[in-house]
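Visitor: Protein chains in written order, with the working numbering: chain L, 1 to 339; chain Y, 1 to 339.
By construction, these hints were calculated from the structure, which means they are not laboratory data.
The reader is advised that the hints may include incorrect statements.
Identical chains share a label here; the pair holds if one copy fits it or two copies do between them.
To be verified - Capping the alpha-carbon separation at 25 angstroms, the derived lysine to aspartate or glutamate pairs in DMTMM-like fashion look like this: (1) 33 with 181; (2) 48 with 68; (3) 33 with 278; (4) 186 with 278; (5) 33 with 171; (6) 52 with 202; (7) 186 with 276; (8) 48 with 75; (9) 48 with 276; (10) 186 with 171; (11) 52 with 75; (12) 186 with 75; (13) 52 with 331; (14) 33 with 184; (15) 48 with 105; (16) 85 with 75; (17) 52 with 105; (18) 48 with 278; (19) 85 with 62.
There are 2 protein chains.
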Amino acid sequence: MSSGLSVGVVGATGAVGNEILGLLLHRGWPILKLVAFGSSRSIGRPIKFGSKELAIENFDSDHNHGLDILFFATDSEVSRRFAVKSASLSTLVIDNSSAFRMEPDVPLVIPEINLGVVRPDQWLIANPNCSTIILLMAVAPLRALGRIRRILVSTYQSASGAGRDAMVELEESTRAYLNGEVFEPKVMPHPYAFNIFSHNSEIDESGYNGEEVKMILETRKILGDAEILVNPTCVRVPVLRSHSESITVEFEGPAPRIDEVRRVLSEFSGVRVVDDRERSYFPMPIDANGGGDVLVGRIRQDASNPNAISLFACGDQLLKGAALNAVQIAEGLFDRFGL
Amino acid sequence: MSSGLSVGVVGATGAVGNEILGLLLHRGWPILKLVAFGSSRSIGRPIKFGSKELAIENFDSDHNHGLDILFFATDSEVSRRFAVKSASLSTLVIDNSSAFRMEPDVPLVIPEINLGVVRPDQWLIANPNCSTIILLMAVAPLRALGRIRRILVSTYQSASGAGRDAMVELEESTRAYLNGEVFEPKVMPHPYAFNIFSHNSEIDESGYNGEEVKMILETRKILGDAEILVNPTCVRVPVLRSHSESITVEFEGPAPRIDEVRRVLSEFSGVRVVDDRERSYFPMPIDANGGGDVLVGRIRQDASNPNAISLFACGDQLLKGAALNAVQIAEGLFDRFGL
Chain L
1 MSSGLSVGVV
11 GATGAVGNEI
21 LGLLLHRGWP
31 ILKLVAFGSS
41 RSIGRPIKFG
51 SKELAIENFD
61 SDHNHGLDIL
71 FFATDSEVSR
81 RFAVKSASLS
91 TLVIDNSSAF
101 RMEPDVPLVI
111 PEINLGVVRP
121 DQWLIANPNC
131 STIILLMAVA
141 PLRALGRIRR
151 ILVSTYQSAS
161 GAGRDAMVEL
171 EESTRAYLNG
181 EVFEPKVMPH
191 PYAFNIFSHN
201 SEIDESGYNG
211 EEVKMILETR
221 KILGDAEILV
231 NPTCVRVPVL
241 RSHSESITVE
251 FEGPAPRIDE
261 VRRVLSEFSG
271 VRVVDDRERS
281 YFPMPIDANG
291 GGDVLVGRIR
301 QDASNPNAIS
311 LFACGDQLLK
321 GAALNAVQIA
331 EGLFDRFGL
Chain Y
1 MSSGLSVGVV
11 GATGAVGNEI
21 LGLLLHRGWP
31 ILKLVAFGSS
41 RSIGRPIKFG
51 SKELAIENFD
61 SDHNHGLDIL
71 FFATDSEVSR
81 RFAVKSASLS
91 TLVIDNSSAF
101 RMEPDVPLVI
111 PEINLGVVRP
121 DQWLIANPNC
131 STIILLMAVA
141 PLRALGRIRR
151 ILVSTYQSAS
161 GAGRDAMVEL
171 EESTRAYLNG
181 EVFEPKVMPH
191 PYAFNIFSHN
201 SEIDESGYNG
211 EEVKMILETR
221 KILGDAEILV
231 NPTCVRVPVL
241 RSHSESITVE
251 FEGPAPRIDE
261 VRRVLSEFSG
271 VRVVDDRERS
281 YFPMPIDANG
291 GGDVLVGRIR
301 QDASNPNAIS
311 LFACGDQLLK
321 GAALNAVQIA
331 EGLFDRFGL
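Okay, chain L solo, but in the shape it has when bound (with noise of 0.2 angstroms):
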């Protein structure tokens, strides 16, 4: 890194993107330049840095901006209009939306378990699916033990996944209910306040939904198993920023000891092993927001099968599942390949 970096964030005001700066700050980037992109609406807008204090700009993708790295904290239309002429300018970006990765050139990374597969020719770096970088923090460690031919998950998906609206959403709305009064949902397809419901991603002939699609194709790419079967369960909680999950991984052949699976998972560098069974304390939301780490405990064998165990799992959303691992990106291919 020569003088410092020019860094761009588009989608800035979202809660993904907010969540890009504060790692920005906070993970002492040397920052030479800093540009916040908006929508129209937002242009001219202030919005935080540290103390200073940046004005959200218009995106223009014809030319880089004199970007080094470019962050896409957006939806998929929005990043499939811009992200790749941005890449081909020889910055590199970043993308958080689903638009790319399935591409079979756009690597799909967490950096914890395949920063390796990024070529020093690829501008162009999807961010997984939330959900899916939660769930393989916690099973790609196991590799190390035995071969894994089968996941089964069912998800505790938090507001934050939907961004914002959703987390405004439903504290508006339990508040509301708390108080006796009527709330009409506009942001999430059904009644929050105090009610879960299946996540409302469109479903296919299969039954699963878009997320649980996601969930199985993204683990199959970012673990290099067109083999590996999945059968996700995609729920959406009361919870505000940190998604949970139950898991249960099946090995090829009997599953390796407790004591292993539990040493193998500390040894992870992002994964805390949170494992009391006397005082019965487990991951918990409350313990993974605003927190870098993937929680997992509930460590056990599966009562129903000698080849499995059971885990449960829990990540900030924000972070880990989606801000957090872009910037981690960036900074192992900075470590890799320099600037």
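Chain Y: place on chain L using the hints.
Guide: Coordinates of chain Y only, in the frame set by chain L:
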């Protein structure tokens, strides 16, 4: 039934006891006499029964109070002290606690599934664990389509399963959170506002907690199948009164067709299929609350196993998960044996 029934409810002021009173009223039981029993500190307190008021009475297990039937909506300790004695006095006793569920001589009954196991000389009947009831209402009908060898289930359990105080704590702690106030948990082991946590029953050396062990053992007893394999993960979510469950059912052979699964479920008394893929409308606590049916949806072939299907169920923990099942046991036995 001669001129009417004499009925007692022990633990009438609790969440389940109160629901039993409501059901006796609304299901048109021919009540000759109704006695509400409570703990010593509630003796004499008034309790509503329709337009009337009852005074809480003290329970004396030395005589049967002239009652035909006694519902115990109490914890295991109280049930263990009193229920056997009451049943020995030829009062039909339906016990909601876990005290006698695994006793070989005590039938454990979900009426739609195994009412037939009760003999006329059995006066003490155990009501199963709420999560087990909701699970088996969704799973037992599928036995018509093939032998089931394994069940995996992750629960999304509501506050009501931990009693009325837990429901109040969920509301109060959430209100405090929204007002930026500190709240010290008194009933639950962890902060409950916008949080989820592992069911806090004690963990045994296998790594399963008490609630999960109940689901394993009670499933075997109710289905009359000592071989059936069950892997439960029990989790508390910030929902007031309905439990939800993400379920995968593995058959001995190839999984049945999904339209067949839908058919047997929709023909099963006490189950309502809620499975609208187009509108993404599936079972939710707000739709299960206050109703007697277990809602079942997300019915699909397991993408990871040709022998399995997955589904999602939701039932009112206080009703079908407790009070309603108890009342239905009594009604079923009246039908079979008269009074």
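Visitor: All hints are to be evaluated individually against the structure, with a verdict given for each.
Guide: Hint check:
Taking the closest pair of Cα atoms, residue 33 and residue 181 never come within 25 angstroms of each other, the shortest separation being 47 angstroms inside a single copy and 39 angstroms across copies. Proximity of residue 48 and residue 68 under a CA criterion of 25 angstroms is satisfied intra-copy only: 21 angstroms inside one chain copy versus 71 angstroms between copies. Neither within a single protomer nor between protomers do residue 33 and residue 278 lie at most 25 angstroms apart by alpha-carbon distance, with minima of 51 angstroms and 47 angstroms respectively. For the identical chains of this complex, residue 186 and residue 278 are inter-copy neighbours only, at 20 angstroms across copies versus 43 angstroms inside a copy, given an alpha-carbon limit of 25 angstroms.
Taking CA atoms no more than 25 angstroms apart as the test, residue 33 paired with residue 171 passes in neither setting, with 36 angstroms inside one copy and 47 angstroms between copies. Neither within a single protomer nor between protomers do residue 52 and residue 202 lie at most 25 angstroms apart by alpha-carbon distance, with minima of 41 angstroms and 51 angstroms respectively. For the homomeric pair residue 186 and residue 276, the shortest alpha-carbon distance between copies (21 angstroms) is at most 25 angstroms, but the shortest distance inside one copy (40 angstroms) is not. In this homomeric assembly, residue 48 and residue 75 come within 25 angstroms of each other (Cα to Cα) only inside a single copy, at 22 angstroms, whereas the closest approach across copies is 54 angstroms.
In this assembly of identical chains, the alpha carbons of residue 48 and residue 276 never lie at most 25 angstroms apart, being 40 angstroms within a copy and 44 angstroms across copies at closest. With identical chains, the CA atoms of residue 186 and residue 171 are at most 25 angstroms apart both within one copy (13 angstroms) and between copies (23 angstroms). Taking the closest pair of Cα atoms, residue 52 and residue 75 never come within 25 angstroms of each other, the shortest separation being 27 angstroms inside a single copy and 59 angstroms across copies. In this assembly of identical chains, the alpha carbons of residue 186 and residue 75 lie at most 25 angstroms apart only when taken from the same copy (18 angstroms versus 42 angstroms across copies).
In this homomeric assembly, residue 52 and residue 331 come within 25 angstroms of each other (Cα to Cα) only inside a single copy, at 23 angstroms, whereas the closest approach across copies is 71 angstroms. Taking CA atoms no more than 25 angstroms apart as the test, residue 33 paired with residue 184 passes in neither setting, with 43 angstroms inside one copy and 45 angstroms between copies. For the homomeric pair residue 48 and residue 105, neither the shortest alpha-carbon distance inside one copy (36 angstroms) nor that between copies (69 angstroms) is at most 25 angstroms. Taking the closest pair of Cα atoms, residue 85 and residue 75 come within 25 angstroms of each other only inside a single copy of the chain (16 angstroms); across copies the shortest separation is 66 angstroms, beyond that limit.
Taking the shortest alpha-carbon separations for residue 52 and residue 105, neither the intra-copy value of 38 angstroms nor the inter-copy value of 74 angstroms comes in at or below 25 angstroms. For the homomeric pair residue 48 and residue 278, neither the shortest alpha-carbon distance inside one copy (44 angstroms) nor that between copies (42 angstroms) is at most 25 angstroms. For the homomeric pair residue 85 and residue 62, the shortest alpha-carbon distance inside one copy (8 angstroms) is at most 25 angstroms, but the shortest distance between copies (85 angstroms) is not.
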